[in-house]
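Q: Chain residues, written in single-letter form:
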Amino acid sequence: MRPLRRGGDSVLALLVLGIWLLMPPVISLFVRPAELFGVPVLVLYLFGVWLLLIVGTAVLARRLPPDQGHLPGLPRRPDESD
Amino acid sequence: MLSANVVLFTALAYVALLFVVAFFSDRRARRGWLGLVRSPIVYTLSISVYCTSWTFYGAVGSAARNGLEFATIYLGPTLVFVGWWFLLRKLVRIGRVHRASSIADLISSRYGKSMSLAVLVTVIAVIGTTPYIALQLKAVTTSFQVVASTTHTALLGIPEADLDLRTGFWVAVGMAVFTILFGTRNIDANEHHHGVVAAIALEALVKLFALIAVGLYVVFAIGGGVGEVFALPASAKVLGAEVFGPRWVALTFLSATAIVCLPRQFQITVVENADEEHLRTAAWLFPLYLFLTCLFTLPIAITGLATMPAGSNPDMYVLTLPMLHDRSALSLLVFIGGFSSATSMVIVASIALSIMVSNHIVMPIALRLAWLSRGVSGDVKSLLLVSRRISIALILSLGFVYFVFSAHSDALAKIGLIAFAGVAQFLPCLIGGLYWHRASKGGAFAGLLIGFVTWAYTLLLPSFEGGAVPASLFSDGPWGIALLRPEALFGAGGMDPLVHALFWSLSLNAGLFVLISLIKDQNPLERLQSTLFVDVFRNPADKESRFIHRSAAIDDLFVLAQRILGAEQAYLLFRDYARRQGIEEGLPRPSTEFIAQLERQFAGSIGAASARVMISQVVTGETISLGEMMRLVDETQQVIEYSQQLEQKSQQLQVTARQLREANERLRLLDAQKDDFLSQVSHEVRTPMASIRSFSEILLETRDLESEQATRFLSIIHDETLRLTRLLDEILDLSHLERGELAWSLQPLDAEAVLDRAIETCRGMAASADVQLVVGPRAGSVRVMGHEDRLNQVFINLISNAIKHNRSRAPVVTVSSAIAEGRYQVTFEDNGEGVPAEARDRIFTKFSRAWTQSRPRDAGAGLGLAISRAIARKMHGDVELLPAGRPGSGVGARFRVSLPLARGQAAPAGELERRAGE
Chain A
1 MRPLRRGGDS VLALLVLGIW LLMPPVISLF VRPAELFGVP VLVLYLFGVW
51 LLLIVGTAVL ARRLPPDQGH LPGLPRRPDE SD
Chain B
1 MLSANVVLFT ALAYVALLFV VAFFSDRRAR RGWLGLVRSP IVYTLSISVY
51 CTSWTFYGAV GSAARNGLEF ATIYLGPTLV FVGWWFLLRK LVRIGRVHRA
101 SSIADLISSR YGKSMSLAVL VTVIAVIGTT PYIALQLKAV TTSFQVVAST
151 THTALLGIPE ADLDLRTGFW VAVGMAVFTI LFGTRNIDAN EHHHGVVAAI
201 ALEALVKLFA LIAVGLYVVF AIGGGVGEVF ALPASAKVLG AEVFGPRWVA
251 LTFLSATAIV CLPRQFQITV VENADEEHLR TAAWLFPLYL FLTCLFTLPI
301 AITGLATMPA GSNPDMYVLT LPMLHDRSAL SLLVFIGGFS SATSMVIVAS
351 IALSIMVSNH IVMPIALRLA WLSRGVSGDV KSLLLVSRRI SIALILSLGF
401 VYFVFSAHSD ALAKIGLIAF AGVAQFLPCL IGGLYWHRAS KGGAFAGLLI
451 GFVTWAYTLL LPSFEGGAVP ASLFSDGPWG IALLRPEALF GAGGMDPLVH
501 ALFWSLSLNA GLFVLISLIK DQNPLERLQS TLFVDVFRNP ADKESRFIHR
551 SAAIDDLFVL AQRILGAEQA YLLFRDYARR QGIEEGLPRP STEFIAQLER
601 QFAGSIGAAS ARVMISQVVT GETISLGEMM RLVDETQQVI EYSQQLEQKS
651 QQLQVTARQL REANERLRLL DAQKDDFLSQ VSHEVRTPMA SIRSFSEILL
701 ETRDLESEQA TRFLSIIHDE TLRLTRLLDE ILDLSHLERG ELAWSLQPLD
751 AEAVLDRAIE TCRGMAASAD VQLVVGPRAG SVRVMGHEDR LNQVFINLIS
801 NAIKHNRSRA PVVTVSSAIA EGRYQVTFED NGEGVPAEAR DRIFTKFSRA
851 WTQSRPRDAG AGLGLAISRA IARKMHGDVE LLPAGRPGSG VGARFRVSLP
901 LARGQAAPAG ELERRAGE
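Going down the list, the sequences are from chains A and B.
Residue numbering for the first sequence follows the numbering used here, starting at 1 and increasing by one per position.
Residue numbering for the second sequence follows the numbering used here, starting at 1 and increasing by one per position.
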C-alpha cells in the first residue's frame with residue numbers, strides 16, 4: 001500500500017473518534033435493556049468500538065510512513081555504537 | 001482439591017522455567033542472536049506487564065461490584081496506543097536518543113539534567129510503587145492459600161486475618177533473587193535486560209492463556225453459552241450499575257496516564273525498546289491483548305455472582321469458580337497465571353525503581369561525599385551494581401513490610417488506583433517537556449511537589465482511615481478547618497474521592513507548572529535540552545556538541561570511562577572512536593563531539609544528571625554557546641517557514657499552470673477559428689467569383705450570344721457581385737464591431753417601435769415563405785439605450801433566421817417582448833427542429849451555419865448571428881440561445897435579445913410585466 005503523506009492526521013481522527021465513542025454521553029445512549037444474539041447491546045457496543053479501534057490502528061500503522069532518521073536496533077556493544 | 005505441596009512444586013517448577021528462559025535469552029542476546037528475543041511480538045507481550053494480579057483477579061471483582069467500570073482501566077491505554085504516533089513515538093525516540101535510563105532520568109534530562117528533579121521523581125515513584133508491590137504479594141499469598149486449601153470454606157476467600165505471611169515473604173525473596181540475577185547482571189550501556197524481557201513475555205502468554213481458559217470454561221461448561229450467562233439475573237445487576245459519569249472519564253484518563261507514567265511501563269516501553277519500529281506493531285497488538293484480557297471478565301463476574309455461595313470474595317472468582325467445580329488442573333493453571341501477573345510486575349517495577357534509586361539517589365550522594373575519589377577502574381560500575389542489588393532487596397523488603405502492616409485491613413484493595421493517581425503527577429511535566437519549549441525546571445519541580453503533596457493528602461492519607469489517622473481529620477478537617485478536609489478540599493464535597501483527588505492534584509500541579517515556567521527563565525542548558533527534546537524529530541542529538549564547547553585531557557576521559565563502563569567496554573569504545581578519527585593506534589582526540597558522545601554513553605548507565613557531573617569533573621572551560629543555540633532555534637524555524645513557503649509556492653504554481661493551460665486552450669481555439677474563418681472567407685468568396693468568371697468568359701468568348709441570354713448572364717454576374725460586396729461588407733462590419741472601431745453614440749430610443757418596424761419589414765418575406773408570423777405579448781413602451789438602425793438589423797436578422805430555418809410543416813414564428821430582471825427582453829421563437837445540441841455552442845461563431853451545412857445554400861455566409869451578438873454587446877446587451885424545449889413540445893429554436901433599460905425607465909418591472917400580459 002502507498003504510505004500516507006499526512007499520516008498523523010488520520011491517527012488523530014481515529015483517536016478523537018475513539019474518545020468520542022467511548023465517553024458519555026455517546027456511550028450512555030447504549031444503556032438500554034435491548035439484546036442482540038443474547039448479549040446486551042451495551043456490551044456489544046463497547047467491545048465493538050474497542051475492536052474497531054484496534055483494526056483501525058493496525059491498518060493505519062501499516063500505511064504510516066517510516067520515520068526519517070529512525071534508529072533501528074541499537075548496537076549490542078558500545079564499540080559498535082553510533 | 002490440590003495439596004499445598006503440588007501447588008508449591010508447580011510454582012517452583014514454573015519459576016525454574018522462567019530462570020531457564022531468562023538465562024538462555026540473555027545468553028543468546030549476548031552472542032548477538034537477537035532475532036527471537038527482540039521481536040515486536042515479544043516487545044508487545046512485555047508491555048502487558050501493565051496487567052498485574054490486580055487485573056488478573058481484580059478485574060472480575062471490579063466488574064462484580066461496579067459493572068463495566070473495570071473496562072476503563074484498559075480503554076485508557078488502548079487510546080494511548082491508538083494515538084501512538086503523537087506521544088509514544090516521540091517518547092521512545094527521545095528515550096533512545098538521550099539514552100534515558102528511567103522516567104526520572106528523562107524528566108531530569110529534559111529540565112537541564114537537574115538532579116533535584118530526578119530525586120523528587122524517584123521518591124514519588126518509590127512511594128507510589130511500594131504499596132503496589134505489596135498488593136502483588138498479597139494476591140499471590142491469598143491465591144496460594146485458596147488454591148491449596150483443603151476446606152470448602154476457602155471458596156469464600158481467605159479472611160485477611162488468616163493470611164499466611166510466610167508465602168508472601170518467600171515470594172518476595174524469590175523475586176528479589178530473580179531480579180538481581182537477571183536485572184543487574186551488567187550495567188548495560190542501553191539498560192537492556194534481554195533475559196527479563198523474555199521471561200516477562202512468557203509470563204504475559206501464560207496469564208492470557210489462563211484467563212482465556214477459565215473464561216471459556218466458565219461460559220461454555222458452567223454457563224452453557226454466552227446468551228445463557230447474560231440471561232442470568234445477576235447480569236442485569238452487573239450491567240445496571242450507573243457508571244458513565246465523571247468517574248468513567250476520570251478513570252479512563254487515569255489509566256491512559258498510567259500506561260505512560262508508571263515507572264515499569266516506561267522501563268518496558270521506552271528503555272527496553274530495541275527498535276522504534278516495534279512500536280508500530282505494539283500500537284494495535286497491545287490493545288488487542290487488553291481486549292482479549294477483558295473479553296471474559298463480565299461472564300466470569302456474572303457467573304460468579306450467580307453460582308458462588310453468598311459471601312464469596314468476588315476478587316477470587318477467577319480461581320474459586322473452577323475450584324467449585326473441582327477442576328484441579330484448571331485451578332492450578334489459574335494460580336500460575338495470577339502468579340505470573342504478580343511476579344512480572346514485581347520484577348519490572350523493582351528493576352525500574354532500582355535503576356532510579358541507584359542513578360538518582362545513590363550516585364549523587366556518592367559524588368557529593370566523594371566516595372569515588374580513588375578513581376579505580378570500574379569503581380563506578382561496581383558501585384552501581386551493588387547499589388542496584390541492594391535497592392532491589394530494599395524495595396522488595398519495603399513492599400513486604402507494607403504488606404505485613406496492611407495485610408489485616410482492606411487498605412490494599414484500593415491501592416491500584418491510588419498508585420495510578422500518584423504517578424499521574426508526572427504527566428504535566430512530561431507532556432510539557434515533550435511539546436512546550438518554555439517548560440522550565442522550576443515549574444516542573446513546583447508542579448510535581450504540589451501535585452504529590454495534594455495526592456498524598458487527598459488520596460493516600462484517607463486510605464489509612466481508621467488506622468493511624470484520627471477520624472476527626474476527615475469529618476472536621478485539620479485543626480477544625482473544614483475547608484482543608486482531605487476528601488472535600490476547599491469545600492469541594494460530594495465528589496467521588498478519586499475524581500476529587502485527581503482533579504485537585506493535577507490541576508494544582510499543571511497550574512503551578514505552567515505559571516512558574518512562564519515567570520522563570522530557563523538556564524542555557526535547560527534551553528538547549530528543551531530544543532533537543534521538543535524538536536527531536538528535526539534535530540539529531542549529536543548536534544549537542546555544537547553548543548557545548550569544552551575540552552579535557554583524553555587520559556582523564558579514558559579513566560572516567562573505565563570507571564563507569566568497565567575496562568573492556570571503555571577500551572572498545574575509545575578504540576572505535578579513534579579509528580573513526582583516522583587514528584589506528586592510541587587514544588582518540590578529545591574533540592567536543594567525542595565528549596558529548598561519551599556523556600550520552602555514561603548517561604545510559606548512570607543517568608544524565610550524574611553523567612554530567614562526572615564529565616564536568618574532568619572537563620575544563622565549558623561554555624554553552626548561546627549564539628549557536630539561537631541559531632539552532634532559528635534554523636528550525638527557518639526550516640518550518642521554508643517548507644510552508646514551498647508549499648504555498650507550489651500551490652501558486654499549480655494555479656498558474658492551470659491558468660496557463662486554460663489560456664493555451666483558448667488560444668488554440670482562437671487559432672482554429674481564425675483558420676476556419678480564413679478558409680470560410682476564401683470559400684465564400686470563391687463561389688461567386690467562380691460563377692462571375694465563368695459567365696464573363698462565356699460573354700467574352702461567345703460573340704453571337706443572344707442579347708436576352710447575355711442580359712441574364714450579366715444580371716447573374718451583377719447578383720454575384722452584389723453578394724460578394726454584401727459578404728465583404730459583413731466581414732468588414734463584423735471586424736469593425738469586434739475591434740470596437742465603430743463609434744456609435746447610444747441614444748435613448750423606443751425599442752418597441754424598432755421591433756414593430758422589423759416585424760413589418762419581415763412580413764413580406766414570411767408571406768413568401770409561407771410562414772405565419774405571430775406577435776405575442778409585448779412590453780409596451782420601452783426606452784433603451786441603443787442605435788436604432790443597428791437594433792433593427794439585429795431584429796431583422798433574428799426574424800429572418802427564424803423564417804429561413806423553420807422546417808416545420810406549418811411554420812410559425814412568434815415574437816414577444818417583456819421587461820424582466822431590469823432588462824428589456826425580446827424573444828424570437830419558432831416551431832422548427834431547433835438547434836442541434838452539438839451545434840449550440842458554436843452558432844454564434846463566424847461562418848458557423850452549424851445546422852445548415854448539409855442543406856442547400858439557402859443561408860447567408862453565417863455571419864448574421866455573430867454580427868447580431870456583436871451589435872447587442874456594443875449596446876451592453878446580449879443575444880442568447882435559450883435552452884431547447886423538450887422534443888415534440890412544438891418549441892424549436894428560441895433566441896433572446898436583452899438590452900439594459902435607459903435611465904429614467906424606472907417603472908416597476910412587475911407592473912410592466914402585467915401590462916405586457918394584457
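A couple of the hints might just be wrong.
Stated by the list, open to error - Cβ-to-Cβ under 8 Å is the rule here; a few derived chain A residues that face chain B:
1. 27
2. 28
3. 31
4. 34
5. 42
6. 43
7. 45
8. 46
9. 48
10. 51
11. 57
What the hints assert, rightly or not - For the chain A half of the interface with chain B, some residues (derived, Cβ under 7 Å), not all of them:
12. 11
13. 15
14. 18
15. 21
16. 22
17. 24
18. 38
19. 41
20. 50
21. 52
22. 53
23. 58
24. 61
25. 65
Please keep in mind that the hints were generated in silico from the structure rather than gathered at the bench.
Because the structure is a prediction, the values reported are computed rather than measured.
Even for Gly, the Cβ is constructed at its ideal location relative to N, Cα and C.
Q: Against this structure, judge whether each hint is valid.
A: Now the hints, each set against the structure:
At a threshold of 8 Å, the smallest CB-CB gap from residue 27/A to chain B is about 6 Å, leaving the interface hint in force. Annotation: interface hint on residue 28/A holds; nearest CB of chain B at approximately 5 Å, less than 8 Å. Interface restraint check: residue 31/A against chain B, minimum CB-CB distance 7 Å, threshold 8 Å, status holds. For residue 34/A, the shortest C-beta to C-beta distance to chain B is roughly 12 Å, which exceeds 8 Å, and the interface hint is violated.
For residue 42/A, the shortest C-beta to C-beta distance to chain B is roughly 6 Å, which falls under 8 Å, so the interface hint holds. Checking residue 43/A against chain B: minimum C-beta separation of about 6 Å stays under 8 Å; hint holds. This hint is violated: residue 45/A has a C-beta 10 Å from the nearest C-beta of chain B, more than the 8 Å allowed. About 6 Å separates the beta-carbon of residue 46/A from the nearest beta-carbon of chain B, less than 8 Å, and the hint is met.
This hint is violated: residue 48/A has a C-beta 11 Å from the nearest C-beta of chain B, more than the 8 Å allowed. Among the interface hints, the one on residue 51/A holds; its C-beta lies about 7 Å from the nearest C-beta in chain B, closer than the 8 Å criterion. Given the 8 Å rule on beta carbons, the hint for residue 57/A holds: about 4 Å separates it from the nearest Cβ of chain B. For residue 11/A, the suggested interface contact is upheld, since its CB lies about 4 Å from the closest CB of chain B, less than 7 Å.
With 7 Å as the threshold, the beta carbon of residue 15/A comes within range of chain B, its nearest partner Cβ sitting at about 4 Å, so the hint holds. Interface hint at residue 18/A: satisfied, since its Cβ lies 6 Å from the closest Cβ of chain B, which is below the 7 Å cut-off. Checking residue 21/A against chain B by beta carbon gives a least distance of about 10 Å; that is not within 7 Å, so the hint is violated. With 7 Å as the threshold, the beta carbon of residue 22/A comes within range of chain B, its nearest partner Cβ sitting at about 6 Å, so the hint holds.
Restraint check, residue 24/A versus chain B: the minimum CB separation of about 4 Å is within 7 Å; hint holds. A cut of 7 Å between beta carbons decides the hint on residue 38/A: the least distance to chain B is about 2 Å, and the hint holds. For residue 41/A, the interface hint is violated, the least distance from its beta-carbon to any beta-carbon of chain B being 10 Å, above 7 Å. Interface hint status for residue 50/A: upheld, as the beta-carbon distance to the closest one in chain B is roughly 5 Å, under 7 Å.
The interface hint given for residue 52/A is violated, since its Cβ lies 10 Å from the closest Cβ of chain B, which is over the 7 Å cut-off. Given hint, residue 53/A at the interface with chain B, holds; its Cβ is 5 Å from that chain's nearest Cβ, closer than 7 Å. This hint holds: residue 58/A has a C-beta 4 Å from the nearest C-beta of chain B, less than the 7 Å allowed. Because the smallest distance between the Cβ of residue 61/A and any Cβ of chain B comes to about 5 Å, under 7 Å, the interface hint for this residue holds.
The interface hint given for residue 65/A is violated, since its Cβ lies 10 Å from the closest Cβ of chain B, which is over the 7 Å cut-off.
In terms of the numbered hints stated before, the structure departs from hints 4, 7, 9, 15, 19, 21, 25, listed from lowest to highest.
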